[in-house]
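Position chains U, Z and B against the provided structure of chain D, taking the given hints into account.
Number of protein chains: 4
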Amino acid sequence: MNTETYQPCIEACDACAAACDRCASACLSEPGVANMAKCIRLNADCASLCRFTSAALARQSHLAPEFCALCARICDECADECARHAPEHCGTCSDACRMCAEACRAI
Amino acid sequence: MNTETYQPCIEACDACAAACDRCASACLSEPGVANMAKCIRLNADCASLCRFTSAALARQSHLAPEFCALCARICDECADECARHAPEHCGTCSDACRMCAEACRAI
Amino acid sequence: MNTETYQPCIEACDACAAACDRCASACLSEPGVANMAKCIRLNADCASLCRFTSAALARQSHLAPEFCALCARICDECADECARHAPEHCGTCSDACRMCAEACRAI
Amino acid sequence: MNTETYQPCIEACDACAAACDRCASACLSEPGVANMAKCIRLNADCASLCRFTSAALARQSHLAPEFCALCARICDECADECARHAPEHCGTCSDACRMCAEACRAI
Numbered sequence: 001m002n003t004e005t006y007q008p009c010i011e012a013c014d015a016c017a018a019a020c021d022r023c024a025s026a027c028l029s030e031p032g033v034a035n036m037a038k039c040i041r042l043n044a045d046c047a048s049l050c051r052f053t054s055a056a057l058a059r060q061s062h063l064a065p066e067f068c069a070l071c072a073r074i075c076d077e078c079a080d081e082c083a084r085h086a087p088e089h090c091g092t093c094s095d096a097c098r099m100c101a102e103a104c105r106a107i
Numbered sequence: 108m109n110t111e112t113y114q115p116c117i118e119a120c121d122a123c124a125a126a127c128d129r130c131a132s133a134c135l136s137e138p139g140v141a142n143m144a145k146c147i148r149l150n151a152d153c154a155s156l157c158r159f160t161s162a163a164l165a166r167q168s169h170l171a172p173e174f175c176a177l178c179a180r181i182c183d184e185c186a187d188e189c190a191r192h193a194p195e196h197c198g199t200c201s202d203a204c205r206m207c208a209e210a211c212r213a214i
Numbered sequence: 215m216n217t218e219t220y221q222p223c224i225e226a227c228d229a230c231a232a233a234c235d236r237c238a239s240a241c242l243s244e245p246g247v248a249n250m251a252k253c254i255r256l257n258a259d260c261a262s263l264c265r266f267t268s269a270a271l272a273r274q275s276h277l278a279p280e281f282c283a284l285c286a287r288i289c290d291e292c293a294d295e296c297a298r299h300a301p302e303h304c305g306t307c308s309d310a311c312r313m314c315a316e317a318c319r320a321i
Numbered sequence: 322m323n324t325e326t327y328q329p330c331i332e333a334c335d336a337c338a339a340a341c342d343r344c345a346s347a348c349l350s351e352p353g354v355a356n357m358a359k360c361i362r363l364n365a366d367c368a369s370l371c372r373f374t375s376a377a378l379a380r381q382s383h384l385a386p387e388f389c390a391l392c393a394r395i396c397d398e399c400a401d402e403c404a405r406h407a408p409e410h411c412g413t414c415s416d417a418c419r420m421c422a423e424a425c426r427a428i
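Those sequence lines, one after another, are chains D, U, Z and B.
Per this note's numbering, residue 1 is the first one in the first sequence, and the count goes up by one each step.
Per this note's numbering, residue 108 is the first one in the second sequence, and the count goes up by one each step.
Per this note's numbering, residue 215 is the first one in the third sequence, and the count goes up by one each step.
Per this note's numbering, residue 322 is the first one in the fourth sequence, and the count goes up by one each step.
Quick caveat, the hints were computed from the structure, so don't treat them as lab data.
Any given hint might turn out to be false.
[To be verified] Calculated lysine to aspartate or glutamate pairs in the EDC-like style (CA-CA distance at most 20 Å, straight line):
#, chain 1, residue 1, chain 2, residue 2
1, B, 359, U, 137
2, U, 145, U, 111
3, D, 38, D, 66
4, Z, 252, U, 202
5, Z, 252, D, 95
6, D, 38, B, 387
7, Z, 252, Z, 290
8, Z, 252, Z, 218
9, D, 38, Z, 244
10, U, 145, B, 416
11, B, 359, D, 77
12, D, 38, D, 77
13, U, 145, Z, 302
14, U, 145, U, 173
15, B, 359, B, 332
16, B, 359, B, 325
17, U, 145, U, 202
18, Z, 252, Z, 280
19, B, 359, B, 416
20, D, 38, D, 4
21, U, 145, U, 118
22, D, 38, D, 95
[Said to hold, decoys possible] Residues from chain B that keep clear of chain D, each with C-beta distances beyond 10 Å, as calculated:
#, residue
23, 384
24, 387
25, 394
26, 426
Every value quoted in this text rests on a predicted model; they were computed, and no experiment measured them.
Just so you know, even glycine gets a beta-carbon here, dropped at the ideal spot from N, CA and C.
Looking at chain D on its own, in the form it has when it is part of the complex:
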């Protein structure tokens, strides 16, 4: 695959990372933050793996498929957890995670 082929996945990873960091930050300001701990933990794993994967794709790493497979898995977990919570930022994050998981599986 060439650089152009990776572009949609790079954008999905970047969008997912931003959504996860936003969600974690907003969760910390929620009145029921104690119930959001698992969400915040998954956001941290997902945001940093998405940024790592995005960088690896831009570098055309030969291990891109392996990185994307693991990234899709953590995106799925984060999407599931976010979907269990009411705040809008969780819903937005869940959607971004689903799109990123799909884009990663297409690599």
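For chains U, Z and B alone, kept in the frame of chain D given last:
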């Protein structure tokens, strides 16, 4: 500033980071790679500071202005160095660095 | 400065990053997590800037002094905030932040 | 596993990341840099995955074993490539990669 206000800068940082990682990777395949060492070094600083800054903006860090100021500076340096080289990836990267520097200075 | 000169600062940055990530994770399991939000936010900024700075030092980046100056500043803030909290992980983190700030100012 | 159990692997990941970043930077100054391109590419993958893994271990991520498995794999590849090159920084890096791969497989 709120999350929406930061969005253009987050996108500029992400685009710049990807352009820098691509440029570094392409530089390594250039016949005259020895002449590209400084470019590759600046690409590494710029890509990682852009990703750090993008994440800090998404987290609504209260130090976002300080991070953006430093990010703008390294983007300027990387843009200048890339502009000295002929390959297309260097020109693309130089443009992305300029746009990111501007977006960072707007914070 | 050469690679050996940077080594103590690299180790202080790595130790501080690990202490911050541990502190944030432990804060999320504290009964009074709502009171730890500011600590968790600063931990995130500090951990990621320390990792960025450590990498820049290892790469012998010419901007190492600028990165270290900003890193010292965020380490100071995180040390102050952690020092306000009772849990042991906060005390450990505060100490690691102080040592990292000092090592960064020595660059 | 608890925080103390992860500590040796965190330290091995941090040492490996620093060795990889140093090796890449030193490779760029070698007279035969064109022959070091593969080494520099693997250094980039390995350094960033080691830093990601170190952070995930410090956060006590429940996916630590999966991250460590992938980290061990890229460490092995980087160790093999570095072992093919004469410069001292490549030998040092190869050793750090082997130790990190072992520590990751112990998780």
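Numbers of the earlier hints that this structure fails to satisfy, in rising order: 2, 3, 4, 5, 8, 10, 11, 13, 14, 15, 16, 18, 20, 21, 23, 24, 25
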